[in-house]
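For chain A, the structure is supplied; the task is to place chain B on it using the hints.
2 protein chains.
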Amino acid sequence: MGIKVHGSPLCCATLRVVAALHEKELDFEFVLVDIRSGAHKQQPHLSLNPFGQVPAFEDGDFKLYESRAITKYLTYVYKSKGTALVYQDLKQKAIRAAWMEVEALQFDPPATKLIEELVFKGTTSTQTDMAIVEESEAKLAKVLDVYESRLGESKYLGGETFTLADLHHLPQLHMLIGTQVKKVLEERPHVYVWCKDILARPAWEKTIALLKHA
Amino acid sequence: MGIKVHGSPLCCATLRVVAALHEKELDFEFVLVDIRSGAHKQQPHLSLNPFGQVPAFEDGDFKLYESRAITKYLTYVYKSKGTALVYQDLKQKAIRAAWMEVEALQFDPPATKLIEELVFKGTTSTQTDMAIVEESEAKLAKVLDVYESRLGESKYLGGETFTLADLHHLPQLHMLIGTQVKKVLEERPHVYVWCKDILARPAWEKTIALLKHA
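As you go down the protein sequences, you meet chains A and B in turn.
According to our numbering, the first sequence holds residues 1 to 214 in order.
According to our numbering, the second sequence holds residues 1 to 214 in order.
Isolated chain A, as found in the complex (with noise of 0.2 Å):
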């Protein structure tokens, strides 16, 4: 029993749940699935995550799937744990809503794409397709002004506390603050400062401490 995950070190999203468990001070087992050999994609996985994605989540016999309902979860169920993660006023609330929104369709597509080029492909035989990284970079460098001017108001995405829409950026922005990629973070302080900020946190330092059996 207890809580479970399925998932890669190698996969963003496996990690964004860790990264919660961690904040949430939970004890939780990790169950590798060797997604190089194509694992995901074929039973017992499936009937965790039909999707044949990871990570899949395991509280009991309660399971789910999608890496920010996995998140979202823990802080409907584990409340009074560790980190918050979330706000208790309605209005704060849909602005973190809002944020985690941005960062799943606006800040996610073009990160995936540098981190795929960048760092993944970097570990292959494969090479990178500088069209693609220009254009991702582009595209990432516009959403990030929108991100500096709202760091210019408020210290976190949502607001002066660090919650979920922050939480679900780390494992893009550690993997990216590695490539060429971290002079667009630099070129915008705030956002700067916040990433330094967040990748500091304890609860991520844990986590990446996975990377190591990657």
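Treat the hints with caution; some may be incorrect.
[Claimed, not checked] Straight-line distance between alpha carbons at most 30 Å, and here's what the computed DSSO-like set of lysine-lysine pairs gives:
| # | chain 1 | residue 1 | chain 2 | residue 2 |
| --- | --- | --- | --- | --- |
| 1 | B | K93 | B | K79 |
| 2 | B | K63 | A | K142 |
| 3 | B | K63 | A | K91 |
Everything labelled a hint here was simulated from the structure, so no lab data went into it.
Structure of chain B alone, referenced to chain A:
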């Protein structure tokens, strides 16, 4: 004061918010943003949505963007009005949240490409790209296989009642059902029954009245 939606009936995200307002039986003012002339990329719209997208939302002096965050806001703040659209039980809430992620991240991307190719390009002189249609249709079909299995277990995506997880699909389903993609829906009996059911909701009928002004 009151609620204002700044958007375009040509935009699925705008229709999504209007559908939620009708389900919640809320009065609102619709402010047309002429996206064909690029009004969403200019002031004054940028001050309502810095990402230059529609819709933008106002409730008195509270401003919000991202359609799926706006619909959530309506369920938080107008809890006792109209259809609930959410669950109270925390596990059901998490499953509904997972299906909201599935809509945004798995259903919406191929659906949007198909609408672009099969609906909007039909109204302009731009030629439909059949390679994109074929690829997106195959992706959508694979996603809908999982829906078919889910909708064989429960009447709606989140469980036994209609929630935001279903509602968020309405604009794309409405547009796709008038194209060759209807066949992809019909081939999956549970999916097709669900489509017909949710598209027949009175709140959706009210929503599409907006399309007359497109």
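Results of checking the hints against the structure:
Simply put, K93 (chain B) and K79 (chain B) have alpha-carbon atoms about 15 Å apart, close enough for the 30 Å limit, and the pair holds. Distance check on the hinted pair: K63 (chain B) and K142 (chain A) sit about 21 Å apart at the alpha-carbon level, within 30 Å; holds. Distance restraint check for K63 (chain B) and K91 (chain A): the Cα-Cα separation of roughly 9 Å lies within the 30 Å cut-off, and the hinted pair is therefore satisfied.
When held up to the earlier numbered hints, the structure conflicts with none and fits them all.
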